[in-house]
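The lines below spell out each chain.
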Amino acid sequence: MTDAGTDTATDSRPAGVGPLRRLDHWLFGRGRIAALTRVHTIHSAAESCLVISLAGSIFFSVSPDAARPRVLLFLSLTIAPFLLVAPLLDPVVRRLRGGLTGTIVLTFLVRAVLAVAIAQQLRTLLLFPLVFITLVTAKAYSISRNAAVPSLVDDSDELVEANARISRTATISGAVAASAAVALFSVASAQATLILAAVIYVAGAAVSTRLGRIAGPGPAGEQIALVELDQPEVNDAVVDMMALRAAAGFALFQFGFSLRSAGEPAWVLGALIGGNSVGAFIGTFVAPWLRRHRPERFMFTAVLLTSAGAATIGGLFFGRFTLIAAIVVLGGCVSIGRRALDATIQAQAPDARTAGVYARIETRLELAWVVAACVAVGIRVASWVGALVLAAFLGGAAIVHVVRTSRHAEAATHEAPLGARLLRRAELLANHGFHDEALVIATAVADGRLTGANDDEATVARAARDAIDRARNAARPAPPP
Amino acid sequence: MSWRWFRGALAVLVVGGLAACADTTDGDDLPTVGAIYGAVFRQLDLPGGEDGEAAIVYVVERNEQPLSLDQQVEVIQELEDDFDVRFVDEIEAAAEVGEDGSIGPPLDGSLVAVGPAKAAEDDDDLVIVRAEIMSSADVTDAWQFSLRGVDEVQVVDSTETEPELLVLTATP
Numbered sequence: 001m002t003d004a005g006t007d008t009a010t011d012s013r014p015a016g017v018g019p020l021r022r023l024d025h026w027l028f029g030r031g032r033i034a035a036l037t038r039v040h041t042i043h044s045a046a047e048s049c050l051v052i053s054l055a056g057s058i059f060f061s062v063s064p065d066a067a068r069p070r071v072l073l074f075l076s077l078t079i080a081p082f083l084l085v086a087p088l089l090d091p092v093v094r095r096l097r098g099g100l101t102g103t104i105v106l107t108f109l110v111r112a113v114l115a116v117a118i119a120q121q122l123r124t125l126l127l128f129p130l131v132f133i134t135l136v137t138a139k140a141y142s143i144s145r146n147a148a149v150p151s152l153v154d155d156s157d158e159l160v161e162a163n164a165r166i167s168r169t170a171t172i173s174g175a176v177a178a179s180a181a182v183a184l185f186s187v188a189s190a191q192a193t194l195i196l197a198a199v200i201y202v203a204g205a206a207v208s209t210r211l212g213r214i215a216g217p218g219p220a221g222e223q224i225a226l227v228e229l230d231q232p233e234v235n236d237a238v239v240d241m242m243a244l245r246a247a248a249g250f251a252l253f254q255f256g257f258s259l260r261s262a263g264e265p266a267w268v269l270g271a272l273i274g275g276n277s278v279g280a281f282i283g284t285f286v287a288p289w290l291r292r293h294r295p296e297r298f299m300f301t302a303v304l305l306t307s308a309g310a311a312t313i314g315g316l317f318f319g320r321f322t323l324i325a326a327i328v329v330l331g332g333c334v335s336i337g338r339r340a341l342d343a344t345i346q347a348q349a350p351d352a353r354t355a356g357v358y359a360r361i362e363t364r365l366e367l368a369w370v371v372a373a374c375v376a377v378g379i380r381v382a383s384w385v386g387a388l389v390l391a392a393f394l395g396g397a398a399i400v401h402v403v404r405t406s407r408h409a410e411a412a413t414h415e416a417p418l419g420a421r422l423l424r425r426a427e428l429l430a431n432h433g434f435h436d437e438a439l440v441i442a443t444a445v446a447d448g449r450l451t452g453a454n455d456d457e458a459t460v461a462r463a464a465r466d467a468i469d470r471a472r473n474a475a476r477p478a479p480p481p
Numbered sequence: 001m002s003w004r005w006f007r008g009a010l011a012v013l014v015v016g017g018l019a020a021c022a023d024t025t026d027g028d029d030l031p032t033v034g035a036i037y038g039a040v041f042r043q044l045d046l047p048g049g050e051d052g053e054a055a056i057v058y059v060v061e062r063n064e065q066p067l068s069l070d071q072q073v074e075v076i077q078e079l080e081d082d083f084d085v086r087f088v089d090e091i092e093a094a095a096e097v098g099e100d101g102s103i104g105p106p107l108d109g110s111l112v113a114v115g116p117a118k119a120a121e122d123d124d125d126l127v128i129v130r131a132e133i134m135s136s137a138d139v140t141d142a143w144q145f146s147l148r149g150v151d152e153v154q155v156v157d158s159t160e161t162e163p164e165l166l167v168l169t170a171t172p
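Chains A and B are the protein sequences, given in the same order. Here the first sequence is numbered in my numbering, starting from 1 and rising by one per residue. Here the second sequence is numbered in my numbering, starting from 1 and rising by one per residue.
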């Protein structure tokens with residue numbers, strides 16, 4: 001197992017490195033984050049093989065309308081793990097031996113087994129549950145990977161660049177692997193492509209072990225992170241990103257079904273998926289440029305309006321080309337939005353580099369994706385109508401974003417009194433289970449009235465709530481006599 | 001996220017899931033849908049595939065009660081050795097549409113529609129089913145087949161009839 005020190009020693013060699021090493025640095029970065037970039041590069045390659053292999057599955061033999069209820073069922077079931085995982089992920093990751101690294105290795109191994117199982121069941125009904133377990137593990141991996149990034153960058157200022165590089169390199173490896181997978185699919189079979197995916201997943205699991213232990217800070221550091229994240233700017237950025245992720249989930253399933261219903265050839269669907277990746281790739285170059293010239297808030301305004309405009313054009317002037325172009329733009333906007341979210345967290349919450357806290361944000365993003373995918377499968381509309389629904393949603397999200405951010409900007413000029421701010425902090429900590437701390441802050445606001453020592457956690461939680469209520473009542477202005 | 005909210009959401013999901021899974025099933029007396037399609041496809045004398053590959057057959061679902069996902073998979077598996085069966089929701093999803101709006105069979109396979117199987121009024125062991133195939137642009141051949149048997153289904157009679165399923169409904 002390679003530790004951070006080894007990488008750092010290698011990377012601190014004098015300048016004058018060869019072109020291969022420069023390419024390696026450009027692709028994977030330096031330090032501990034390079035290991036994670038390699039892991040995600042391998043994951044992306046395996047993912048491409050898996051997706052290509054599904055072209056030979058029963059998905060493309062049954063009618064879209066017959067498949068809708070089953071897909072909707074399993075997508076709904078996909079939500080359940082998120083509802084369950086969201087509150088539990090933090091303590092599980094903290095207690096799991098190996099932390100996030102263990103989770104990532106586990107998802108790779110499970111996906112390797114699933115790829116082999118899918119190879120056996122490509123033409124049976126068992127394909128549906130297997131693919132949706134694969135989807136759940138993909139989301140679990142995505143949450144773990146994104147949550148690991150802040151802990152692996154040497155400086156919080158590197159967060160945006162590191163995420164952009166991971167995304168860029170993964171897109172390249174995904175494209176290369178997709179080409180190889182198509183060739184293998186043509187000369188051999190979908191099963192062979194899946195076996196290749198399984199082999200790559202196993203290789204990914206082996207490489208993942210080199211990440212070393214990704215440890216989060218203690219509860220005290222977590223409290224600081226929680227308070228930092230509970231700011232209007234960060235909340236707004238998360239909500240905006242949820243809208244963009246929802247748009248991506250909706251687009252994939254809406255056009256996946258509607259294009260098949262209309263008898264469009266498989267290459268059109270492939271072009272849409274490829275277009276999304278191309279857009280994401282372009283986004284990793286546009287985002288840094290945009291960020292140099294404009295604040296993150298503007299980046300979100302721009303991407304929400306641009307993607308809404310592209311979807312509108314895609315719907316009104318519907319055709320293969322316009323739809324693919326709209327998806328390229330959407331992919332780019334989601335990518336830029338992601339960089340803007342990272343930049344916001346980087347600027348507003350530098351202490352939020354903890355696995356658990358970050359994982360909660362990632363869980364919300366993935367949940368938005370799945371819920372929107374459910375809506376897309378549930379409504380049976382033509383592609384051009386779907387594009388207009390997407391445009392309306394993104395347009396609405398843009399309006400909400402503008403109204404909300406301008407309201408926050410106005411509120412910032414009238415700062416809330418200290419008591420109110422402390423109460424808000426106490427409430428936030430109580431909501432996340434830090435009852436002792438909430439109790440102390442709330443009682444301090446309520447002019448030092450202590451509730452006394454408590455034995456069990458439930459009693460402390462109740463006492464914290466009582467203290468917050470009392471503090472709130474005490475802070476209220478007295479009614480006129 | 002409160003536990004109560006989570007339980008409520010989960011209950012909705014379970015109920016929705018069960019509703020989504022509710023499938024229509026054939027009566028006990030009728031042969032399986034896979035066996036019926038197998039017999040009908042053999043009778044239609046569909047063209048074979050090229051280069052040793054199974055011939056593509058598009059099946060349009062135009063019945064009031066279309067086949068469920070499980071039934072479609074059963075048909076696909078039953079015929080997998082000979083045909084690459086692909087179910088579609090609309091004729092236009094498989095047919096070749098000319099610039100003048102004319103509809104022709106797909107370039108890469110055959111276009112077929114099979115009606116619902118019904119027991120004959122005077123013979124409970126006899127199953128009647130309609131099948132149609134688009135043979136050329138705007139020309140569709142239609143038959144009514146009489147089938148007998150449960151495990152091994154055979155066509156015992158066929159009558160040519162007017163096409164109903166592979167006819168485009170006029171749109172304003």
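Keep in mind the hints are simulated off the structure, nothing from the lab. By construction, the Cβ of each residue, glycine as well, lies at the ideal position given by its N, Cα and C atoms. Honestly, I wouldn't trust all of these hints.
Stated by the list, open to error - Far from chain A, some chain B residues (derived; all Cβ distances over 12 Å):
#	residue
1	GLN77
2	ALA94
3	ASP124
4	SER146
Claimed, not checked - Now the stretches of chain B that chain A is said to cover, found in silico as 3 or more residues with beta-carbon under 8 Å:
#	stretch
5	45–55
6	63–69
Hints, verified against the model:
1. GLN77: Violated, because the least Cβ-Cβ distance between GLN77/B and chain A comes to about 7 Å, which does not exceed 12 Å.
2. ALA94: Incorrect as stated: the minimum Cβ-Cβ distance to chain A is 6 Å, not above 12 Å.
3. ASP124: holds (29 Å)
4. SER146: Correct as stated: the minimum Cβ-Cβ distance to chain A is 27 Å, above 12 Å.
5. 45–55: Violated - the stretch 45–55 of chain B has 0 residues with a Cβ nearer than 8 Å to chain A, which falls short of three.
6. 63–69: holds (count 4)
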